[in-house]
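Visitor: Sequence:
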Amino acid sequence: MKKLTRDEMARRVAQDIPEGAYVNLGIGVPTLVANHLSADREIFLHSENGLLGMGPAPAPGEEDDELINAGKQHVTLLTGGAFFHHADSFAMMRGGHLDICVLGAFQVSAKGDLANWHTGAPDAIPAVGGAMDLAIGAKQVYVMMEHLTKSGESKVVAECTYPLTGIGCVGRIYTDLAVIDVTPDGLVVREIFTDLSFDELVKLTGVPMRYDPIAATA
0 MKKLTRDEMA RRVAQDIPEG AYVNLGIGVP TLVANHLSAD REIFLHSENG LLGMGPAPAP
60 GEEDDELINA GKQHVTLLTG GAFFHHADSF AMMRGGHLDI CVLGAFQVSA KGDLANWHTG
120 APDAIPAVGG AMDLAIGAKQ VYVMMEHLTK SGESKVVAEC TYPLTGIGCV GRIYTDLAVI
180 DVTPDGLVVR EIFTDLSFDE LVKLTGVPMR YDPIAATA
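Take the sequence shown: its letter number 20 is residue 19 in numbering that gives the first Met the number 0, and every next letter is one higher.
Some hints here could point you the wrong way.
SDA-like mimics (lysine to any residue), calculated; alpha carbons at most 25 Å apart, straight line [as the list claims (entries may be wrong)]:
#, residue 1, residue 2
1, K110, P183
2, K1, D15
3, K1, S153
4, K71, K110
5, K71, K1
Estimated spans, in silico, between C-beta atoms of each pair [claimed, not checked]:
#, residue 1, residue 2, range
6, F83, E61, 17 to 27 Å
7, K1, G79, 37 to 47 Å
8, N48, D211, 33 to 43 Å
9, Y210, N48, 37 to 47 Å
Hint data in this document are derived by calculation from the structure and do not stem from the laboratory.
Using N, Cα and C, we set each Cβ at its ideal position, and we do this for glycine too.
Can you make the complete structure from the sequences, with help from the hints?
Guide: If you want it as structure tokens, here you go:
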């Protein structure tokens, strides 16, 4: 079964971020989205450690150890970028000033519930960070994750079994197999990336979905 790579997933997410948007990219895989935003579009990337106007990863050898994102990865700063206090950064997140946040997840439910900070395992280290603030503060929440766990279980579930980060907060799910919208009428598959049929995708996911593909644009 063919799957998108993480960079291919990031490129697909980047396509849906509109001109002029203020966006937070969550720790982990979502940070790759910064590397796939077209330079001819003005998009403002926010990092919860106090940075607005974040650019893509620097070229090898050009890293600045004092310029990192919330995941401690080296980043660049675009012209007009700004630094500010951590408290101000969280005020932006909680105050509804971000148009989109892109988060990773352990599970997303059919109702848009998000679980991304703890698996509940006794030996797991909880790591909520700013995810709860983003989940309730951003105008739109996108999730970017692999469709299946390493053991082959779907991360898109009827009900989350892990501790929740937010309730009913996720609007769109990007996986390595498909793009899925969370709607009041249930999950809607907008795009399938692989050689799977829709029926095969539903069987693999184990959650009822309907298929309403995004219209192709020139």
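Visitor: If a hint holds in the structure, say so; if it doesn't, say that too.
Guide: Here is what the structure says about each hint:
This hinted pair checks out: K110 and P183 have alpha carbons roughly 8 Å apart, not beyond 25 Å. Proposed proximity of K1 and D15 is supported: the alpha carbons are some 22 Å apart, at most 25 Å. A C-alpha spacing of about 16 Å is found between K1 and S153, which places the hinted pair at or below 25 Å, so the restraint holds. For the proposed pair K71 and K110, the alpha carbon gap of about 32 Å is over 25 Å, so the pair is violated.
Between K71 and K1, the direct Cα distance comes to roughly 31 Å. Violation of the 25 Å bound is thereby established for this hinted pair. Against the hinted window of 17 to 27 Å, the Cβ-Cβ separation of F83 and E61 comes to about 24 Å, which satisfies the hint. Between K1 and G79 the Cβ separation comes to about 40 Å, which falls inside the hinted range of 37 to 47 Å. Judged by the Cβ atoms, the range 33 to 43 Å given for N48 and D211 holds: they are separated by roughly 39 Å.
A hinted range of 37 to 47 Å holds for the C-beta pair Y210 and N48, which are about 40 Å apart.
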